[in-house]
Amino acid sequence: MKKTLALVLVVVLLLSLGLTACKKQEEPTTGTEPTPTEVAQGPKVLRVASDEPPALDPQIGTDAVSIRLNNLLLEGLVRIHDGKIQPGMAEKWEISEDGLTYTFHLRDAKWSDGKPVTAQDFEYSWRRLVDPKTASEYAFQGYYIKNGEEINTGAITDLTQLGVKAVNEKTFVVELHTPCAYFLSLAGFLSFLPSRQDKVEEFGEAYGTEIEKFVTNGPFKLVEWKHDDKHAVEKNPEYWNATAIKLDRIEFTVVVEAATVINMYEAGDIDMCGLTGDFIAKYKAEGKSKSYTDGAEFYLEVNTKGKTAATGKVLGNHDFRLALGFAIDRQALITAVLKNDSLPALRFVPGNLMGVKDRFTNEHPYAFWPANADVAKAKEHLDKALAALGTTVDKLPTIELLNYEGDSSRIFGEALQDMWLKNLGVKVEMKQVQFKEKLQLATDKDYDLNFAGWGPDYDDAMTFVDLFVTDGGHNNTSWGDKKFDELILGAKKEADQVKRGQMMAEAEKILVEAAPILPIYLRYRNYTQADYVTGVVRNSIGADPDFVYADILPQ
Amino acid sequence: MQISREKFTHVGINEEKGQAIVRPSMTYWQDAWRRLKKSKVSMFALIILILLITMAIIGPMMVKYSYFDNNLMFNDRAPSAEHWFGTDTLGRDLWARVWVGARVSLFIGIVVTLIEGAIGILLGGASGYFGGKLDMVLMRTVDILMGLPFLVIVVLIMMLMKPGIVPIIVALVVVGWISIARLVRGQVLALKEQEFVLAAKTLGASSARLIIKHLIPNCLGVIIVNLTFSIPSAIFAEAFLSYIGLGVNPPMTSWGQLAAAGAQVFQTRPYQMFIPAILISMTMLSLQLFGDGLRDALDPKLRK
Amino acid sequence: MFKYIGKRFLISLITIWVLVTLTFFLIRLLPGDPFTNPKITPEIKANLEKYYGFDKPLPVQYVKYFSNLLRFDFGSSLRYKGRTINKMLAEAAPISANLGIRAVIFACTVGIFLGIIAALNKDKVLDKLTIFLAIVGVSIPGFVMASFLQYLIGVKLGWLPVAKWIDPARGMGFKYTILPTLCLGFGTLAVYSRYMRTSMLEITGSDYIKTARAKGLSPIQVTIKHQIRNAMLPIVTILGPTIAGLLTGAFVIENVFAIPGLGRQFVISINNQDYPMILGLTIFYGTFLITMNFLTDLVYGFVDPRIRVSK
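Residue numbers (my numbering), protein chains in the order written: chain A, 53 to 607; chain B, 191 to 494; chain C, 6 to 316.
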């Protein structure tokens with residue numbers, strides 16, 4: 053009797069646990085509105101969640117966290133803010149007629165240890181970037197400069213051959229090897245920020261790993277750094293444009309888990325947070341969800357030679373690839389699975405990149421893929437493909453979809469599997485692997501379909517279209533097209549910006565219609581921030597978020 | 191009171207009757223089963239277990255939806271008359287998915303537990319009983335296996351074998367037998383010094399017989415506790431492996447995967463997590479209760 | 006005894022060497038490498054490999070690594086460029102150890118106590134309640150448990166901080182430890198209570214307990230003096246790996262509560278194939294584990310004087 057009683061009790065307890073958990077959801081959320089801890093008169097402190105910066109040394113770092121922090125701590129020749137080029141350490145600059153020579157005139161500015169910022173600092177840093185001994189992962193950013201690639205790959209061993217020169221303390225001249233429309237915006241990028249020769253030589257590898265092993269020249273100074281836990285920056289009163297800087301202090305707390313970040317925001321520990329999944333709808337209902345694109349485009353790479361000869365035959369068929377593409381319901385994937393503001397990719401070049409005067413996609417409007425599945429069209433192409441291959445759907449070899457690790461990737465892949473199965477009757481198997489293994493398999497062309505993404509390196513359509521030149525380092529599809537290659541090569545040499553844009557647009561059409569890649573969506577990230585936070589800029593290129601001119605409003 | 195002699199008769203010594211066995215002779219296992227049957231809680235737990243296994247077989251057939259059929263227009267719906275356990279992010283029927291997932295999870299849980307149990311008990315028993323060099327080698331192997339990062343072991347097994355359910359089982363067994371082997375070894379170390387072992391030895395029992403017949407039955411308590419815990423840990427380990435793409439092939443699923451996916455949304459859609467979690471708990475609960483009963487039934491000291 | 010300890014010490018060193026060597030070569034078999042990155046060109050990769058000495062044959066790298074290791078130099082991280090593994094371990098280990106010790110103490114005391122209560126109240130309500138606790142502890146993943154408590158107690162009720170760890174400089178103290186300790190210890194607690202209960206019951210029927218009763222000791226004296234001590238054996242067995250595991254970092258809990266411990270480093274190093282860090286952590290954890298297992302064998306003798314592993 054007692055045993056049964058105990059058992060009943062256990063079951064009741066178990067159920068009540070479930071019920072209370074369900075019930076909690078229905079209660080209206082109250083008292084979760086974050087309140088600022090600082091009063092209007094006191095110091096203005098912004099508190100945000102971040103991650104540990106892997107490398108603050110500007111020529112070594114590559115990642116979003118280091119870019120974000122160095123945007124505050126260091127300043128290059130120019131500063132990129134909200135997609136616009138502002139003067140930085142350079143007061144003004146001239147560009148030669150042929151677009152190959154840039155002359156920067158530096159202002160009077162100081163490093164955090166009081167020494168003046170000189171043109172020699174930039175000469176040293178830029179040489180250091182392409183020096184193979186530095187082993188910089190982003191050395192390719194320096195390939196635009198004359199002899200940059202040659203030095204980095206060892207063809208030239210004399211560093212002074214690089215096309216940069218400190219004419220005097222205040223004048224810095226850069227020579228490019230071909231004209232580059234977006235070079236000024238590159239000059240504000242992480243890899244081109246200055247590092248100081250004496251300190252780099254003093255600390256060696258450890259440069260930028262501790263506060264005392266780093267010197268800065270930017271609007272903020274690093275004042276606290278507990279590795280993997282937290283770091284903080286404070287306004288630099290010596291900064292040349294200090295009056296434009298509103299915040300006194302920014303506190304970064306290392307939190308990686310998305311749910312914890314949201315919980316900390318709701319508890320009022322931080323002032324802004326990213327939103328995922330169901331939280332987006334919740335904050336949207338309150339009108340507090342904002343979104344921006346981080347510029348990352350996601351698409352399927354089709355290995356036109358296949359993982360095996362059998363799948364290669366099928367995937368090498370143009371109609372078959374089109375059938376796969378038309379069977380995908382891009383909008384449904386975004387609404388049901390991603391649940392955020394991402395946009396279906398109807399073409400390859402994402403809509404956030406600049407053209408000559410306007411967005412590239414506005415200057416060259418184009419849409420090939422439908423937002424929703426076009427089943428009739430997909431079937432039409434499939435029938436054509438099957439006829440050409442002389443086979444039926446049931447006899448097709450099993451096609452493999454290479455996918456990222458993780459629960460959400462799996463669900464995304466399962467949705468694709470179902471769309472192809474339902475709309476075409478084509479069976480696709482999914483293979484999920486860890487990120488590094490996936491990259492390796494893709495590079496080795498050991499896959500059929502690869503769910504991949506690409507983020508822009510600079511604000512220009514070229515960062516996307518030149519990926520797929522025949523046998524290019526990033527082209528894992530085995531696809532190649534002569535006309536396409538000619539257009540890309542031509543665009544790279546073209547000095548006329550309008551013509552250049554047209555060539556890229558034409559190349560994009562060739563690529564999209566040949567369908568070695570099936571664009572799916574342009575990623576948008578949703579986030580929320582407290583009402584009193586203003587001036588935080590979200591970017592797809594460069595520092596994201598950009599806190600430089602952020603402010604906290606008095607309550 | 192007078193007792194007359196005539197009331198008694200001499201029966202003499204009946205050799206046959208004296209040696210007769212009145213109660214049926216029972217082996218250890220028969221006796222254990224008899225005692226197990228008497229325990230209502232254990233029987234109840236057994237019924238739940240059988241029910242869960244039955245549902246794993248017939249559950250998916252009870253609804254008109256398949257476990258892989260997406261319906262993106264009808265996703266993330268709470269349980270209703272149409273979808274008894276609701277639908278998931280892709281609009282798949284969770285009732286169908288939960289019972290299909292039960293097949294994978296119960297299979298992996300039970301098979302892994304049985305194999306690692308057998309290996310662990312034998313190696314642990316031998317290690318503790320023989321001691322010396324064998325013990326040293328086995329226990330240092332244990333140290334190394336425990337020290338190697340799990341993911342490294344897993345990836346290597348996956349590289350050597352074709353993906354599927356077998357490498358998952360192998361990976362889980364390779365790391366799973368360790369804890370039980372150490373436990374059994376510890377118990378045997380203590381037991382082998384006790385009097386009944388000496389007695390059995392004196393009576394000429396072989397080492398194998400001693401370990402299997404005398405030492406291991408006396409360790410059954412900890413063995414059973416360990417095995418009941420190893421089923422859920424196998425279920426969750428499978429989910430971890432599927433996270434890095436080493437689990438069952440999508441869209442096939444498992445309890446661990448369902449619970450892990452549900453855990454991401456437990457604040458907004460608690461049913462997606464609680465349904466698989468409660469099923470795992472029910473399996474655990476019935477195993478624990480059944481295990482308790484089994485322990486009592488198998489305990490040689492409680493044998494009457 | 007000392008001879009045995011000396012011998013075990015030597016064997017432990019060999020075990021660690023085997024562990025290091027195995028890990029060193031096995032991680033090289035993982036697909037991809039530390040420099041696999043979508044943006045990197047083959048030429049840049051070659052520069053990186055040269056810089057880190059990965060262009061040399063593997064045996065040469067091994068000898069180099071090992072000779073550094075003998076000077077207790079674990080090298081520097083490939084992920085957190087320029088930071089030495091020695092320093093990273095020295096920063097993260099005390100935090101993980103701090104959390105781990107709290108969790109071990111919490112789990113052991115409560116777990117053993119509950120196990121004793123359950124055994125003394127066999128088949129009564131209290132006993133069943135501990136089973137329920139064990140089931141919740143084991144069948145709800147740590148991630149869910151932690152997220153749930155974080156949301157309920159941290160956000161909804163606001164009783165305790167949502168995340169982060171002690172920082173005296175910012176006035177963050179004891180209350181930051183409560184939720185992580187509870188969540189980290191809970192699963193272990195459940196397991197301990199079950200082992201303790203079983204092992205207590207096993208001993209109830211033993212001859213020496215009957216003897217103790219017969220010679221007139223009160224039930225409480227029997228429980229305390231004989232039963233508990235002898236029932237500790239399985240606990241001692243699993244305690245070693247538990248302590249090693251809890252003290253050297255628990256990724257899930259550290260991740261949910263954003264605690265800068267070793268667990269975080271371990272996952273980051275695996276994901277980035279940061280070879281020196283993976284090796285450093287493996288050596289650190291391995292040494293800890295091997296020491297704990299060695300201590301376990303010694304402690305057996307104290308729990309049950311008849312046990313002599315050293316024979």
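Treat the hints with care, as some may be off.
Unchecked claim - Take a look, some chain C residues computed to stay more than 10 Å from chain B by CB distance: (1) 11; (2) 28; (3) 55; (4) 66; (5) 74; (6) 121; (7) 153; (8) 173; (9) 199; (10) 246; (11) 305; (12) 311.
As the list claims (entries may be wrong) - Calculated pairs, DSS-like style, for lysine-lysine (alpha carbon to alpha carbon, straight line, at most 27 Å): (13) 92(C) to 251(A); (14) 185(A) to 230(C); (15) 230(B) to 474(A); (16) 479(A) to 228(B); (17) 44(C) to 561(A); (18) 167(A) to 265(A); (19) 50(C) to 278(A); (20) 129(C) to 488(A); (21) 55(C) to 488(A).
If you're looking for bench data, these hints aren't it; they were derived computationally from the structure. Ideal placement from N, C-alpha and C gives every residue a C-beta, glycine not left out.
Against the structure, the hints come out as follows:
no., hint, result
1, 11, "holds, 14 Å"
2, 28, "violated, 6 Å"
3, 55, "holds, 26 Å"
4, 66, "holds, 18 Å"
5, 74, "holds, 15 Å"
6, 121, "holds, 15 Å"
7, 153, "violated, 7 Å"
8, 173, "holds, 33 Å"
9, 199, "violated, 5 Å"
10, 246, "violated, 6 Å"
11, 305, "violated, 6 Å"
12, 311, "violated, 4 Å"
13, 92(C) to 251(A), "holds, 21 Å"
14, 185(A) to 230(C), "violated, 69 Å"
15, 230(B) to 474(A), "violated, 50 Å"
16, 479(A) to 228(B), "violated, 53 Å"
17, 44(C) to 561(A), "holds, 24 Å"
18, 167(A) to 265(A), "holds, 15 Å"
19, 50(C) to 278(A), "violated, 31 Å"
20, 129(C) to 488(A), "violated, 54 Å"
21, 55(C) to 488(A), "holds, 20 Å"
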